[in-house]
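Protein chains in written order, with our numbering: chain A, 77 to 310; chain B, 19 to 149; chain C, 59 to 176; chain D, 998 to 1582.
Just so you know, these hints were derived from the structure itself, not from any lab.
Please read all numbers here as calculations on a predicted model, not as lab measurements.
Don't take each hint at face value.
[Claimed, not checked] Simulated pairs of lysine-lysine, DSS-like, Cα-Cα distance not exceeding 27 Å: (1) Lys304(A) with Lys1344(D); (2) Lys105(A) with Lys1466(D); (3) Lys1149(D) with Lys1260(D); (4) Lys304(A) with Lys62(C); (5) Lys204(A) with Lys1166(D); (6) Lys171(A) with Lys113(C); (7) Lys1466(D) with Lys1322(D); (8) Lys1578(D) with Lys1123(D); (9) Lys1552(D) with Lys1581(D); (10) Lys1466(D) with Lys1166(D); (11) Lys1304(D) with Lys1324(D); (12) Lys1267(D) with Lys1581(D); (13) Lys204(A) with Lys1581(D); (14) Lys1023(D) with Lys1260(D); (15) Lys1581(D) with Lys1562(D); (16) Lys1562(D) with Lys1578(D); (17) Lys1344(D) with Lys105(A); (18) Lys1267(D) with Lys1322(D); (19) Lys113(C) with Lys160(A); (20) Lys1304(D) with Lys105(A); (21) Lys171(A) with Lys75(B); (22) Lys1123(D) with Lys1023(D); (23) Lys204(A) with Lys1260(D); (24) Lys160(A) with Lys62(C).
[Unchecked claim] Okay, the calculated bits of chain B under chain A, using three or more residues with CB under 8 Å as the criterion: (25) 64-72; (26) 96-104.
[Stated by the list, open to error] A few chain A residues facing chain B, derived, Cβ under 8 Å: (27) Ile116; (28) Asn196; (29) Lys204; (30) Asn271; (31) Arg272; (32) Trp276; (33) Arg277; (34) Lys302.
Here a beta-carbon is modelled for each residue, glycine too, at the ideal position from N, C-alpha and C.
Single-letter residue listing:
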Amino acid sequence: MQYTLRVYRYDPESGQPGRLVDYTVELEKGATVLDALGEIKAHQDGSLVYRRSCRSGICGSCAMKINGFNRLACETQVESLGRKPIHVEPLPGFKPIKDLVVDLEPFWNNLHRTLPWLINPNPPPTDKERPQSPEEFAWLEMPMTCILCASCTSSCPSFWADRTYLGPAALNKAFRYEFDTRDQGFGQRRDTLDNRHGLWRCHTIMNCNDCCPKHIRITEEISWLKRKVVEEKY
Amino acid sequence: MERGIGSGGAFAWFFQRISGAVLVLALLLHFWVLHYSNQGEVTFEIVAQRLATPVWKTIDLTFLVLAVIHGFWGFLMIVRDYVHSKNMRLFLVAAVWTVGLVIAVMGALTIIGFHPPLPVAPPEQLGGMVQ
Amino acid sequence: MRYKWKSGQWAFVLHRVSGVALSFYLIMHIYVVSSLYDPQNFDTVMAFLNQPLFKILEIGLLAAVVFHGLNGIRVMMIDFANATRVHAQIFWVVLAVSAVLIAVGAVPFLMHAGVLGH
Amino acid sequence: MIVHNHEVVIIGAGMAGLRAALEVSKVGDVAVLTKVYPTRSHSGAAQGGMAAALGNLDGDNWEFHMFDTVKGSDYLGDQDAIEFMCRNAPELMYEVEHMGTPFSRTPEGKIAQRRFGGHTLNFGEKPALRACYSADYTGHVVLHCLYDQCVKNSVRFYSEFQVTYLIVKDGICRGIAAWDIRNGGLHVFNTKAVLFATGGYGRVYRITSNALANTGDGLGLALRAGLPLEDMEFVQFHPTGLYRSGILMTEGARGEGAYLLNKDGERFMKRYAPTLMELAPRDLTSRSIQTEINEGRGVQSPEQQAKGEPGDAVYLDLRHLGREKLKAVLPQIFDIAENFMGIDPAKDPVPIQPTSHYSMGGIPVTIQGRVIRDAQSTEVPGLYAAGECACVSIHGANRLGCNSTLDATFHGRHVGRTIARDLPSLSYHDLPPEAMREAQAEMNWYFDRSSGTENVADIRGELQNTMQKNVAIFREEKALTAQLDIIQNLQRRFKNIHINDRNQRFNTEVMEAYELGNLLNFVETIVVGALEREECRGAHWRTDHPGRNDVEWLKHTLAYREDGKIRLDYKPVVITRFQPKERKY
């Protein structure tokens, strides 16, 4: 089956602004957008640049804006996108580096600001695990699946307006540790969360929630964090 | 992390929601009283009578204060969202607070200072002005 | 291609726009009311405001109030009742209920303005 | 050319690299290079679990674990190394938990454990509950937890750096050269110690569970620096890769009770492994599946049905587990089946086929993680390796499921400690100018290929297709010999590749070509090793030489590249507790 992909091309060294270029590719049934990009790169234009690695939806490299919506190229079947030309563009909200590749440094920096590690001043028991019930673990099952693909943060209008806003991915990480019964880091994380660039920039716009390839209900997690801050503070 | 103006936000967030909930109820009341209970007639007489009672004065004052704070905190939220230059933000925050205070005082004075002439002026005096 | 607008984005933008509109109305409202110290003045202004044009504008005001209030409830459901899973559905409910309330609420206004007869 | 000085440079940011970085960062200045971002490493794709005989649910102990690993390796694993790892696995597991990794739990709040292929109680009596898991995201959560810990320890990362050159002179490792993918330009790292944690090379095959980045870069570099590669003929095929794409469907699925069915709906494993059934080790299960397919009992795709061709898949049947359990314990499997095959695994069986998954072989190292250069275990000062790219050898001829996450984390930590111990006695050495010139010239060569005519993707595709056909689960002399010719032909064609993009920044066209060059460089060691080893052992199955031959072949292969040819040498296997026996399940 033949498909047309309208791909964003941008080369900073050329001094030209980015533009959309059409490529027509022949694809087998079940082919994904990543397969399509691979075919273009292999046989039409080797200079096309995009990030990719696992092609099975677990590494988070190939998040991009496909038909106006952030998703993983490797998980998106070309067939599901209709017969019109498929728009493939880089993640919005980040500085484009080249073609479909964007500068994710702000993303990582924001993530690291949430102190994303287990904080517990008490030494763990020797030679056994810290106990945690299945119900307590259930709180972590959703946030722990985050693959840090940046789809959510890149889809957030609040992030577009403020690049130092932690963003949904970092807040998901904060939730992951804050609601881990083994963690006692709230005192250290509070100022980052309860901040002009923290929780309160979330206006429940839901873009993060809608595009998360792992179906994490990030907005719900952010609400839990907001309530936790309010409760602990007043 | 950043401290001073712009840090925190928990109270504003929580207050917006609580005041919002109260405002929804207050608005229902306001609309009902204003537009439906008297078939939409709004006359000096009716308003004046209502405002003469301390209960209504309190209700209206609360309503006023909540509405002003809710609305102006909304503006502050927008400023925080989109204005990142420190000076500009300070200026706008100050401006929003100033206008907010002025409006709140103005409204409060109206409610408190709204002395209806007692006894209430006879309707003929107002006569033709009313539909 | 710009980013796709989904229900949450619409809700957010409509909420902001209606909120700003309501705040400006509030300023105007308080200013108008506070300038009415004597009965003469009050009723003059009220009569002026009773013109059909203002009644139509009041429908806009009603729409803003209704949507802002109902969507506010939606936001609170998301914030306090973990309604994220059904946020889109709630938005459609908010829209539907808003439409009904605005339609019902508009009738007295329009009647009063003479549009629908007295 | 920019020169950096770091006491220790770690190449690769998977479980092994990150765990080592954590250890070294306590005592010295460490930099981690990765060609992706740390959390993109393929360790994150490990699903089912991490082995440790905690005995949280049964009377498991480390000796059973050791025995299973030895037996699983078809007695080619070095037993001193296996004992060292299995004995300390529980303590490591607790450490991983203490760092904050979320684990599924038993009702008492202990780490939950599930069955996995080849893991048994009482030396083969019945399946053991040994794989500690976190739903089916185990590798993912451990990787992210280790990354988080590295962020906490302020480990310096160089993300999107492709290592292109290993500087070894006079038998001493002096540093590496790496290409800055993002900005372009060669960076040289002068070091006291280099640790390779570069992972595997599943991309040698067409059907693989591995990431596109898994091109065995570290192996190519070591071979080029004159070092040998050990046991390269042993390549694991995971029994259950998603049909055609080869995407991993965890063994944990069978650990939870999934069946394997042929086209007649028969649980055929009863004919191959009556005791353990679907939970037989991977080599045996993959061979069983391939046998079913080869003998015409494979499941046909709709196209094959239409054309009347024989099927090349079997079914992984999860239906009887029920939707609720699937969503709870195998959520990722559920999503993968849905996203990539459009199949609801609660309603329909999932077509699968064996997929290239893991390399048992790699850069030979001592138990301490120091790289050795010959059969006499002569060490290369300043060079270390851990994880899949290293061969300790724990896994021998066949790795047991959930032993790789253990191996990577365990040896990552251990080699980190070794480096920390060695560091005071190590020093910086001069960088030979000719090495730096050579490294730069190599990159210039790639950027200067606009006049070439061969297509990189086509050469890569042909390599993968032929390897899949000739050097996969079943091997025989004729096909292996033919494959050697094919590879040599591809190597010739590679000299004339065409590269369109001359841009220095983010030139992934050059990077992909570089990866292919590397693959072509070491892929011969797999074929030559397989051709010479005339026996069946673990994952290496010679149809023309049936049966295991302990008299001649109970030894490790070492492959060197010398004067453009592969030379083989051999190294004895360490046997301590368990004498080689026939392997039955």
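Hint check results:
no.: 1; hint: Lys304(A) with Lys1344(D); result: violated, 41 Å
no.: 2; hint: Lys105(A) with Lys1466(D); result: holds, 23 Å
no.: 3; hint: Lys1149(D) with Lys1260(D); result: violated, 52 Å
no.: 4; hint: Lys304(A) with Lys62(C); result: violated, 32 Å
no.: 5; hint: Lys204(A) with Lys1166(D); result: violated, 46 Å
no.: 6; hint: Lys171(A) with Lys113(C); result: violated, 49 Å
no.: 7; hint: Lys1466(D) with Lys1322(D); result: violated, 38 Å
no.: 8; hint: Lys1578(D) with Lys1123(D); result: holds, 18 Å
no.: 9; hint: Lys1552(D) with Lys1581(D); result: holds, 21 Å
no.: 10; hint: Lys1466(D) with Lys1166(D); result: violated, 39 Å
no.: 11; hint: Lys1304(D) with Lys1324(D); result: violated, 36 Å
no.: 12; hint: Lys1267(D) with Lys1581(D); result: holds, 13 Å
no.: 13; hint: Lys204(A) with Lys1581(D); result: violated, 34 Å
no.: 14; hint: Lys1023(D) with Lys1260(D); result: violated, 56 Å
no.: 15; hint: Lys1581(D) with Lys1562(D); result: violated, 38 Å
no.: 16; hint: Lys1562(D) with Lys1578(D); result: violated, 35 Å
no.: 17; hint: Lys1344(D) with Lys105(A); result: holds, 22 Å
no.: 18; hint: Lys1267(D) with Lys1322(D); result: holds, 25 Å
no.: 19; hint: Lys113(C) with Lys160(A); result: violated, 46 Å
no.: 20; hint: Lys1304(D) with Lys105(A); result: holds, 16 Å
no.: 21; hint: Lys171(A) with Lys75(B); result: violated, 55 Å
no.: 22; hint: Lys1123(D) with Lys1023(D); result: violated, 42 Å
no.: 23; hint: Lys204(A) with Lys1260(D); result: violated, 46 Å
no.: 24; hint: Lys160(A) with Lys62(C); result: holds, 16 Å
no.: 25; hint: 64-72; result: violated (count 0)
no.: 26; hint: 96-104; result: holds (count 4)
no.: 27; hint: Ile116; result: violated, 38 Å
no.: 28; hint: Asn196; result: violated, 21 Å
no.: 29; hint: Lys204; result: violated, 37 Å
no.: 30; hint: Asn271; result: holds, 6 Å
no.: 31; hint: Arg272; result: holds, 4 Å
no.: 32; hint: Trp276; result: holds, 3 Å
no.: 33; hint: Arg277; result: holds, 7 Å
no.: 34; hint: Lys302; result: holds, 6 Å
Checked against the numbered hints given earlier, this structure breaks hints 1, 3, 4, 5, 6, 7, 10, 11, 13, 14, 15, 16, 19, 21, 22, 23, 25, 27, 28, 29; the rest are met.
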